[in-house]
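Colleague: Okay, here's what each chain looks like letter by letter:
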Amino acid sequence: MAKGIEVKDLRKTYAGGTEALKGVTLSVEEGDFFALLGPNGAGKSTLISILTSLVNKTSGEAKVFGASIDTDKSLAKTYIGVVPQEFNFDIFGNPLNIVATQAGYYGIPRPEAIARTEELLKELGLWDKRNEPAQGLSGGMKRRLMIARGLVHAPKLLILDEPTAGVDVEMRRSMWEFLRKLNAQGTTIVLTTHYLEEAEDLCRNIAIINKGEIVVNESMEGLLNRHGKEKLENVYIDIINGEKAK
Amino acid sequence: MTSIQLWNAFYTMMRNDIVRILRIWSQTLLPPVVTTALYFVVFGTFIGSQLAPIHGYKYIQFIVPGLIMMSVITSAYSQVVSTFFFAKWTKVLNEMIVSPMPDWLIIASYITGGVLRGLLVAILVLGVSLFFTHLVVYNVVVLVVAIVLTSIIFSLAGLINGVFANGFDSVSIVPTFVLTPLTYLGGIFYSIQQFSPFWQKVAMLNPILYMVNAFRYGFLGITDINLVTCFGVLIGVMVVFMAVLAYLFRNGVGFKN
Chain A
1 MAKGIEVKDL
11 RKTYAGGTEA
21 LKGVTLSVEE
31 GDFFALLGPN
41 GAGKSTLISI
51 LTSLVNKTSG
61 EAKVFGASID
71 TDKSLAKTYI
81 GVVPQEFNFD
91 IFGNPLNIVA
101 TQAGYYGIPR
111 PEAIARTEEL
121 LKELGLWDKR
131 NEPAQGLSGG
141 MKRRLMIARG
151 LVHAPKLLIL
161 DEPTAGVDVE
171 MRRSMWEFLR
181 KLNAQGTTIV
191 LTTHYLEEAE
201 DLCRNIAIIN
211 KGEIVVNESM
221 EGLLNRHGKE
231 KLENVYIDII
241 NGEKAK
Chain B
247 MTSIQLWNAF
257 YTMMRNDIVR
267 ILRIWSQTLL
277 PPVVTTALYF
287 VVFGTFIGSQ
297 LAPIHGYKYI
307 QFIVPGLIMM
317 SVITSAYSQV
327 VSTFFFAKWT
337 KVLNEMIVSP
347 MPDWLIIASY
357 ITGGVLRGLL
367 VAILVLGVSL
377 FFTHLVVYNV
387 VVLVVAIVLT
397 SIIFSLAGLI
407 NGVFANGFDS
417 VSIVPTFVLT
427 PLTYLGGIFY
437 SIQQFSPFWQ
447 KVAMLNPILY
457 MVNAFRYGFL
467 GITDINLVTC
477 FGVLIGVMVV
487 FMAVLAYLFR
497 NGVGFKN
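In order, the protein sequence lines correspond to chains A and B. Numbers 1 to 246, taken from the working numbering, label the letters of the first sequence in order. Numbers 247 to 503, taken from the working numbering, label the letters of the second sequence in order.
Think of the hints as simulated: they come from the structure by calculation, not from any bench. Being a predicted model, the structure only gives us computed values, none of them experimental. A virtual CB, placed ideally from N, CA and C, is assigned to each residue, including glycine. Heads up, a few of these hints could be off.
[Claimed, not checked] Dumping the calculated DMTMM-like pairs for lysine to aspartate or glutamate here, alpha-carbon to alpha-carbon at most 20 Å:
(1) B/Lys337 with A/Glu200
(2) B/Lys502 with A/Glu30
(3) A/Lys73 with B/Asp415
(4) B/Lys334 with A/Asp70
(5) B/Lys502 with A/Glu86
(6) A/Lys142 with A/Asp70
(7) B/Lys337 with A/Glu61
(8) B/Lys337 with A/Glu30
(9) A/Lys8 with A/Glu30
[To be verified] Taking CB as the label site, the calculated pair distances span:
(10) A/Asp9 with B/Gly498: 41 to 47 Å
(11) B/Leu297 with A/Lys73: 55 to 61 Å
(12) A/Asn131 with B/Val490: 16 to 22 Å
(13) B/Arg261 with A/Arg180: 32 to 38 Å
(14) B/Ile419 with A/Tyr14: 24 to 30 Å
(15) A/Arg180 with B/Leu276: 30 to 36 Å
(16) A/Glu230 with B/Lys502: 41 to 47 Å
(17) A/Ala165 with B/Val287: 54 to 60 Å
[To be verified] Partial selection, computed: residues in chain A whose CB lies under 8 Å from chain B:
(18) Asn56
(19) Thr58
(20) Ile108
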């Protein structure tokens, strides 16, 4: 099976000298639901930003479904959908135009973009709000809008950065269901989250990154069994505390 | 991306720009019209009627091309610097960067937005000027090429400003302290032949002088500077700005890392 993501010895040193990634090697299988966890400042965002071309790497290789982010950048980008943690849509826009515009960036003609937008907004319960200013939507609606925007070009890989931050429990559960369905339909999903029960519930494989290095990369089940604990949260705390003690 | 996909992406960017320009017309289209109407009234009618003709034209006729050009410069620049900085500030720009759109397409889209607004404003200001004086077009090709090149140049300049801007102050500093003085000293209100040789040489360091003169030639058939030199300077400045932007985008200066 092809790798959804293949990263080899990826390094990033920022201009100020901060070494955000210290030779990360990681792979995510096609169709996986993968958790990328780590404390704040561990390097998760840098890794995602390199994959999505928002940050230039210092060295190393990265491929998305076999397309190199260096030599086949445009193709690699068509495979990726990103849902960032921050709300970064046009605050004066409405959901219909925000999502259809995103489709346009991927070369999708306007009529098809509108049709896809309608489908997604209906599925995510935002169709009634399609012409309202996005700025006025509730937090949960804004999150769903970001997911619709990330999916409008039908990416093979969806990267979710804290997709349920600030969302109430009921809404979070319904978003989980939506993401499970999406994954079952074949979309590879990479999830970063600080809600560890979310990762435990949704993801089959996991990597934990700390201080720019991968410290865990295995199946969720294997990790829990190996540590003899039922909750990912307990395992995670053990690992991070163990790393701090080193 | 295929050429059709590139076109669709370009169309999307353009569509949003045009909708924005028309939606907030009181901020994008009206101010230059009001400002230049006041210039026509004060400098053209009240003061201009007291002045001797320049190169055989009444003062108001002499300043019309420069005033149109001034509106184009300001509009094209502010269109691009404001939309790009806003996209950067709200991080909407990230969505363009993560998409497969090549850098040149993003640059071209912003520049086209600036050019469109510049030309739209030019048409409106020209319409206003016809209330104050009559105009004939001496050379339509020179006129069109001069105005399009100028709006491209100032759209590029606006984009460079937008790339480096890290706050709303940085967006307004260049227009206030660089663009406005250069525009006022760019031969809109006078012919540099009225200057001493020394000040003529100083004035010729200002690229806006070449734009205004080329455009004035298109309208009136008069210029203080050889037309080939005018277009040489315009094309040279445009190429330099394009090269700068290509470098900035390739390295993600101001919006990556």
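Colleague: For every hint, state whether the structure bears it out.
Modeller: Verification of the supplied hints:
no., hint, result
1, B/Lys337 with A/Glu200, "violated (30 Å)"
2, B/Lys502 with A/Glu30, "violated (28 Å)"
3, A/Lys73 with B/Asp415, "violated (35 Å)"
4, B/Lys334 with A/Asp70, "violated (24 Å)"
5, B/Lys502 with A/Glu86, "holds (16 Å)"
6, A/Lys142 with A/Asp70, "violated (32 Å)"
7, B/Lys337 with A/Glu61, "violated (26 Å)"
8, B/Lys337 with A/Glu30, "violated (29 Å)"
9, A/Lys8 with A/Glu30, "holds (17 Å)"
10, A/Asp9 with B/Gly498: 41 to 47 Å, "violated (22 Å)"
11, B/Leu297 with A/Lys73: 55 to 61 Å, "holds (59 Å)"
12, A/Asn131 with B/Val490: 16 to 22 Å, "violated (40 Å)"
13, B/Arg261 with A/Arg180: 32 to 38 Å, "holds (35 Å)"
14, B/Ile419 with A/Tyr14: 24 to 30 Å, "holds (27 Å)"
15, A/Arg180 with B/Leu276: 30 to 36 Å, "violated (52 Å)"
16, A/Glu230 with B/Lys502: 41 to 47 Å, "holds (42 Å)"
17, A/Ala165 with B/Val287: 54 to 60 Å, "holds (57 Å)"
18, Asn56, "holds (6 Å)"
19, Thr58, "violated (10 Å)"
20, Ile108, "holds (6 Å)"
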